[in-house]
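Heads up: the sequence lines are chains A, B and C, in that order. Numbering-wise (my numbering), the first sequence opens with residue 17 and increments by one. Numbering-wise (my numbering), the second sequence opens with residue 21 and increments by one. Numbering-wise (my numbering), the third sequence opens with residue 666 and increments by one.
Honestly, the hints are just simulated from the structure, not real lab data. All residues carry an ideal CB built from backbone N, CA and C; glycine is no exception. Careful: at least some of the hints might be erroneous.
Stated by the list, open to error - Computed footprint of chain B on chain A; a stretch qualifies when at least three of its residues, placed anywhere within it, have a C-beta under 8 angstroms from a C-beta of chain B:
no.: 1; region: 66–79
no.: 2; region: 201–214
no.: 3; region: 248–261
As the list claims (entries may be wrong) - Computed beta-carbon distance windows for the label pairs:
no.: 4; chain 1: B; residue 1: Pro-195; chain 2: A; residue 2: Pro-379; range: 53 to 61 angstroms
no.: 5; chain 1: B; residue 1: Gly-49; chain 2: A; residue 2: Pro-242; range: 37 to 45 angstroms
no.: 6; chain 1: B; residue 1: Tyr-196; chain 2: A; residue 2: Arg-292; range: 52 to 60 angstroms
no.: 7; chain 1: B; residue 1: Ile-65; chain 2: A; residue 2: Arg-292; range: 37 to 45 angstroms
no.: 8; chain 1: B; residue 1: Asp-61; chain 2: C; residue 2: Pro-681; range: 46 to 54 angstroms
no.: 9; chain 1: B; residue 1: Pro-295; chain 2: A; residue 2: Thr-167; range: 54 to 62 angstroms
Claimed, not checked - Calculated cross-link-like contacts (lysine-lysine; reagent style DSS-like; alpha-carbon spacing at most 30 angstroms):
no.: 10; chain 1: A; residue 1: Lys-302; chain 2: A; residue 2: Lys-349
no.: 11; chain 1: B; residue 1: Lys-110; chain 2: A; residue 2: Lys-278
no.: 12; chain 1: B; residue 1: Lys-90; chain 2: A; residue 2: Lys-227
no.: 13; chain 1: A; residue 1: Lys-302; chain 2: A; residue 2: Lys-354
no.: 14; chain 1: A; residue 1: Lys-290; chain 2: A; residue 2: Lys-330
no.: 15; chain 1: A; residue 1: Lys-290; chain 2: A; residue 2: Lys-354
no.: 16; chain 1: B; residue 1: Lys-110; chain 2: B; residue 2: Lys-92
no.: 17; chain 1: A; residue 1: Lys-227; chain 2: B; residue 2: Lys-110
no.: 18; chain 1: B; residue 1: Lys-294; chain 2: B; residue 2: Lys-259
no.: 19; chain 1: A; residue 1: Lys-227; chain 2: A; residue 2: Lys-302
no.: 20; chain 1: A; residue 1: Lys-349; chain 2: A; residue 2: Lys-330
no.: 21; chain 1: A; residue 1: Lys-278; chain 2: A; residue 2: Lys-290
no.: 22; chain 1: B; residue 1: Lys-92; chain 2: A; residue 2: Lys-227
no.: 23; chain 1: A; residue 1: Lys-302; chain 2: A; residue 2: Lys-290
no.: 24; chain 1: A; residue 1: Lys-287; chain 2: B; residue 2: Lys-110
Listed below, chain by chain, are the residues.
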Amino acid sequence: MSAAQNLILAPVWDRARMGTHFLSGDHACAEGAIYAGCRFFAGYPITPATEIAERLAERLPEIGGQYIQMEDEIASMAAILGASVAGAKSMTATSGPGFSLMMENLGLGYMEEVPAVVVDVQRGGPSTGLPTSVGQQDMMQARFGPHGDFTSISLSPQSPQEAFDLTVHAFNVAERLRTPVLLMMDEVVGHMHERVVIPPTGEIPLLSRPKPTVPPEEYHTYRPGPDLVPPMALAGDGYSVLFTGLTHDEDGRPVTTYDVQKVLVPRLREKILKNRDVYERVGLYKTEDATTLVVAYGITARSARRAVDLGREKGLPLGLFRPISIWPFPAEKLRSYKNVTRIVVAEINLGQVVLEVRRIAGPYAEVIHVGNAGGNVLSPETILEACMLPPGARP
Amino acid sequence: MHVTSGGEAVTADASAATPPTVNGVARAGPHPYDHLLRSADLPTIWCPGCGIGTAVGALIYGFEQAAIPKEKRVIVGGIGCSSRIIFYAKTDAYHTTHGRTIPFATGLKLSNPSLNVVVFAGDGDLFAIGGNHFIHAARRNMDLLVVCINNFNYGMTGGQGGPTTPAGALSTTTPYGNPEFPFNLPELAATAGATYVARWTTLDVRRLRRTFAEVLGRHGFRFVEVLAPCPVSFGKTNKIGSGVEEMEYYLGLEILKSRVESTEIPRTNIELGKPIIVGTFVDREAETFRDRYARVVAKARGPSS
Amino acid sequence: MSITESLLAPTGSRVPIDTPVRHHGTVHVIEGRCKECNFCVTFCPEEVLEIADYYTPRGYRPARVKAGKAGDCIACRFCEHVCPDYAIYVEEDTP
Numbered sequence: 017m018s019a020a021q022n023l024i025l026a027p028v029w030d031r032a033r034m035g036t037h038f039l040s041g042d043h044a045c046a047e048g049a050i051y052a053g054c055r056f057f058a059g060y061p062i063t064p065a066t067e068i069a070e071r072l073a074e075r076l077p078e079i080g081g082q083y084i085q086m087e088d089e090i091a092s093m094a095a096i097l098g099a100s101v102a103g104a105k106s107m108t109a110t111s112g113p114g115f116s117l118m119m120e121n122l123g124l125g126y127m128e129e130v131p132a133v134v135v136d137v138q139r140g141g142p143s144t145g146l147p148t149s150v151g152q153q154d155m156m157q158a159r160f161g162p163h164g165d166f167t168s169i170s171l172s173p174q175s176p177q178e179a180f181d182l183t184v185h186a187f188n189v190a191e192r193l194r195t196p197v198l199l200m201m202d203e204v205v206g207h208m209h210e211r212v213v214i215p216p217t218g219e220i221p222l223l224s225r226p227k228p229t230v231p232p233e234e235y236h237t238y239r240p241g242p243d244l245v246p247p248m249a250l251a252g253d254g255y256s257v258l259f260t261g262l263t264h265d266e267d268g269r270p271v272t273t274y275d276v277q278k279v280l281v282p283r284l285r286e287k288i289l290k291n292r293d294v295y296e297r298v299g300l301y302k303t304e305d306a307t308t309l310v311v312a313y314g315i316t317a318r319s320a321r322r323a324v325d326l327g328r329e330k331g332l333p334l335g336l337f338r339p340i341s342i343w344p345f346p347a348e349k350l351r352s353y354k355n356v357t358r359i360v361v362a363e364i365n366l367g368q369v370v371l372e373v374r375r376i377a378g379p380y381a382e383v384i385h386v387g388n389a390g391g392n393v394l395s396p397e398t399i400l401e402a403c404m405l406p407p408g409a410r411p
Numbered sequence: 021m022h023v024t025s026g027g028e029a030v031t032a033d034a035s036a037a038t039p040p041t042v043n044g045v046a047r048a049g050p051h052p053y054d055h056l057l058r059s060a061d062l063p064t065i066w067c068p069g070c071g072i073g074t075a076v077g078a079l080i081y082g083f084e085q086a087a088i089p090k091e092k093r094v095i096v097g098g099i100g101c102s103s104r105i106i107f108y109a110k111t112d113a114y115h116t117t118h119g120r121t122i123p124f125a126t127g128l129k130l131s132n133p134s135l136n137v138v139v140f141a142g143d144g145d146l147f148a149i150g151g152n153h154f155i156h157a158a159r160r161n162m163d164l165l166v167v168c169i170n171n172f173n174y175g176m177t178g179g180q181g182g183p184t185t186p187a188g189a190l191s192t193t194t195p196y197g198n199p200e201f202p203f204n205l206p207e208l209a210a211t212a213g214a215t216y217v218a219r220w221t222t223l224d225v226r227r228l229r230r231t232f233a234e235v236l237g238r239h240g241f242r243f244v245e246v247l248a249p250c251p252v253s254f255g256k257t258n259k260i261g262s263g264v265e266e267m268e269y270y271l272g273l274e275i276l277k278s279r280v281e282s283t284e285i286p287r288t289n290i291e292l293g294k295p296i297i298v299g300t301f302v303d304r305e306a307e308t309f310r311d312r313y314a315r316v317v318a319k320a321r322g323p324s325s
Numbered sequence: 666m667s668i669t670e671s672l673l674a675p676t677g678s679r680v681p682i683d684t685p686v687r688h689h690g691t692v693h694v695i696e697g698r699c700k701e702c703n704f705c706v707t708f709c710p711e712e713v714l715e716i717a718d719y720y721t722p723r724g725y726r727p728a729r730v731k732a733g734k735a736g737d738c739i740a741c742r743f744c745e746h747v748c749p750d751y752a753i754y755v756e757e758d759t760p
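In isolation and in its complexed conformation, chain A is listed as follows (with noise of 0.2 angstroms):
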């Protein structure tokens, strides 16, 4: 019996497909992986993230990756974590209801320090709720969805061409950092088709994971750098690794004590809050002189960037503050705009990443969620509308 040859970690054959495209927000994250040298795909099918499985499906063969359809996305998360440890780049794509399933491992991700990518295409939930309607309504468990204290990386795209580039984006923070990042994409932007440009192999820089600088004699697993983010020995290159999901010391022994926890899972937090320069993106549009800002991410800051020009032919000093990375909040960057009275937060919700905005502003802003239930886009006459309200009006 013939063992197949080493599908992943030998040279590939490189073959992003760079040009111009018309491509689906899905295709082109799945674009944006292979470009990021992702070689592993394990996923399970969900609209309206199925079609990046069925690209990857298609893809990874031919450029020598591993693309496998486990029997559920508990399954597919715990996979991407296998294969990530052992070297490769990779990620999964899910919705709602397979995300919940995903929260168990992705915890163990953030524990284990696990560079890997986790795509949610956002649809109406809760439950099996809207599966072809859009919705952006797992913010908030993009933020605290496994349990226990960490801190975490959520990205979203407003366009396919974005889909492509935060893909290679998160894969370069993934690295980096040694975490899970989610990319938060929704079911409009997952679907709609626009022009998408793919450079050219090398233009856009890619980042792997750190590595040991010390013999196996004198390393230790989870001894942190400067950065707080430890180097990362892979399966097979004799370090005899330990990892374990239980609170562990350096060298990832298991030791649940107290004091241990005290130094381990604060780190894991620095570890991200420390680095923003690595992660943070923001999207800023006429807000120099914006007394009102909107807030929004994903699909609905395409039709906020309409209601902030509608709003200036009346005369309204609106500005739109695009959170790209929204976990963790930008909020400093936010804080920077002194001059604003309003911040109208529009998200296809009834209101999740607004708590965030008012935790930050509320003390010295309006703070005005718009939104629904799900199975709309947000119209730019609406966000117009809240953005137009009388001071007081709303809670």
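For chain A, the structure is supplied; the task is to place chains B and C on it using the hints.
Coordinates of chains B and C only, in the frame set by chain A:
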């Protein structure tokens, strides 16, 4: 007065007639497996009389006999007593969440097929919460050796019933006797597609060692069920007794199906007090997932590949 | 003569085609790891081992070779294989 391996001096019981010695040698040296274990973390946390350590030793022997290079050995454990192997075996070793060893190991193996990946977990981890993953990996004939330490209960959490608890047996969650029937693991594995299926007890340690030595170098989905004593939980609750009494219980009940006899898969469940059939039940070759996926890749890349 | 000796002695016209070898080993116990599970003591085919009458710092009475029985170990290594705690091993020193 004598010296233990930890350097601690031990004073003899004053009532001992002669001073104790360790076979006339003042200090016992390193165990032959010390360099393959995280020796500084011994003794293990397993209870006295628990069989997991025996199975771990057998696996280490298997790795050595099969000449698997040390850096290629990877062990994936789940959650539970059996999964604590990762803290003692000196290989790349990973804990997953409960029940998710097999998909994690799947990703790991596919990402670097040169690695020799062993899933080592308990009956609950593999067949309750992890049952679905087990049958799919078997169906795919994934290149994994799955070792199930079957001690008939959930040991780590205090002795609850599980999917292999015999009908009528007692546990903390079946105080009136288990109303459920257990899985017949070899039958389940064989039906799901495993290409190698064996069952031994930890008493059959020599055959277990030989089995591991034989299967570690092979491909495909290999499943070995190891019946191990759990004296603190299952053994005590069901009045089987201490670890050694549980071993003697196996000694009295097991029937070995050696290769020269039939290799029929046992068709009945394990029941308390009834004979237990051990042996190698399935031993065949079949295309593995990776063999077939390699053809997918060749097809995708077209004639230029 | 003992049974063993009688079996080893050539008799009449029958010439042994080989000389049976009786293996011998020295048992070592790493007492700090022993948990008094009794597996080695119970299953040693030559009944070479017993539980000691003193305690290790961990509170277990370790296995030990019975007085006078060190010569009976046949280096079958069952104790070494079955011990769950890597607390006993055999050095073969067959003459």
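Status of each hint after checking the structure:
Interface restraint, the region 66–79 of chain A with chain B: holds (3 residues with C-beta to C-beta distance below 8 angstroms; minimum three). Restraint check on the region 201–214 of chain A versus chain B: 0 residues with Cβ-Cβ distances below 8 angstroms, three needed, restraint violated. Coverage of the region 248–261 of chain A by chain B holds [criterion: at least 3 residues with CB-CB distance below 8 angstroms; count 12]. For the pair B/Pro-195 and A/Pro-379, the beta carbons lie near 57 angstroms from each other, so the given range of 53 to 61 angstroms is met.
For the pair B/Gly-49 and A/Pro-242, the beta carbons lie near 42 angstroms from each other, so the given range of 37 to 45 angstroms is met. Between B/Tyr-196 and A/Arg-292 the CB atoms are about 58 angstroms apart, so this pair conforms to the stated range of 52 to 60 angstroms. Checked against the hint of 37 to 45 angstroms, the C-beta distance between B/Ile-65 and A/Arg-292 comes to roughly 41 angstroms, which is consistent with it. The given range of 46 to 54 angstroms is respected by B/Asp-61 and C/Pro-681, whose C-beta atoms sit roughly 51 angstroms from each other.
For B/Pro-295 paired with A/Thr-167, a C-beta distance near 56 angstroms keeps the hint of 54 to 62 angstroms intact. Straight-line distance between C-alpha atoms of A/Lys-302 and A/Lys-349 comes to about 15 angstroms, which keeps the hinted pair within the 30 angstroms bound. A hinted pair counts as satisfied when its Cα atoms are at most 30 angstroms apart, and B/Lys-110 with A/Lys-278 qualifies at roughly 27 angstroms. Taking the CA atoms of B/Lys-90 and A/Lys-227, the gap is about 20 angstroms. The hint holds against a cut of 30 angstroms.
At roughly 15 angstroms between alpha-carbon atoms, A/Lys-302 and A/Lys-354 fall within 30 angstroms of each other, so this suggested pair holds. In summary, the hint linking A/Lys-290 to A/Lys-330 is not supported, as the alpha carbons are separated by about 41 angstroms, beyond the 30 angstroms threshold. Distance hint between A/Lys-290 and A/Lys-354 is fulfilled; the C-alpha atoms sit about 24 angstroms from each other, no more than 30 angstroms. Among the hinted pairs, B/Lys-110 with B/Lys-92 is consistent with the structure: their alpha-carbon atoms are about 11 angstroms apart, no more than 30 angstroms.
A threshold of 30 angstroms between alpha carbons decides the hint, and for A/Lys-227 with B/Lys-110 the separation of about 20 angstroms falls inside it, so the pair holds. For the hint pairing B/Lys-294 with B/Lys-259, the CA-to-CA distance comes to about 15 angstroms; that is within 30 angstroms, so the pair holds. A C-alpha spacing of about 42 angstroms is found between A/Lys-227 and A/Lys-302, which places the hinted pair above 30 angstroms, so the restraint is violated. Simply put, A/Lys-349 and A/Lys-330 have alpha-carbon atoms about 27 angstroms apart, close enough for the 30 angstroms limit, and the pair holds.
A hinted pair counts as satisfied when its Cα atoms are at most 30 angstroms apart, and A/Lys-278 with A/Lys-290 qualifies at roughly 18 angstroms. Distance check on the hinted pair: B/Lys-92 and A/Lys-227 sit about 18 angstroms apart at the alpha-carbon level, within 30 angstroms; holds. For the proposed pair A/Lys-302 and A/Lys-290, the alpha carbon gap of about 29 angstroms is at most 30 angstroms, so the pair holds. In summary, the hint linking A/Lys-287 to B/Lys-110 is supported, as the alpha carbons are separated by about 29 angstroms, within the 30 angstroms threshold.
When each numbered hint is compared with the structure, violations occur for hints 2, 14, 19.
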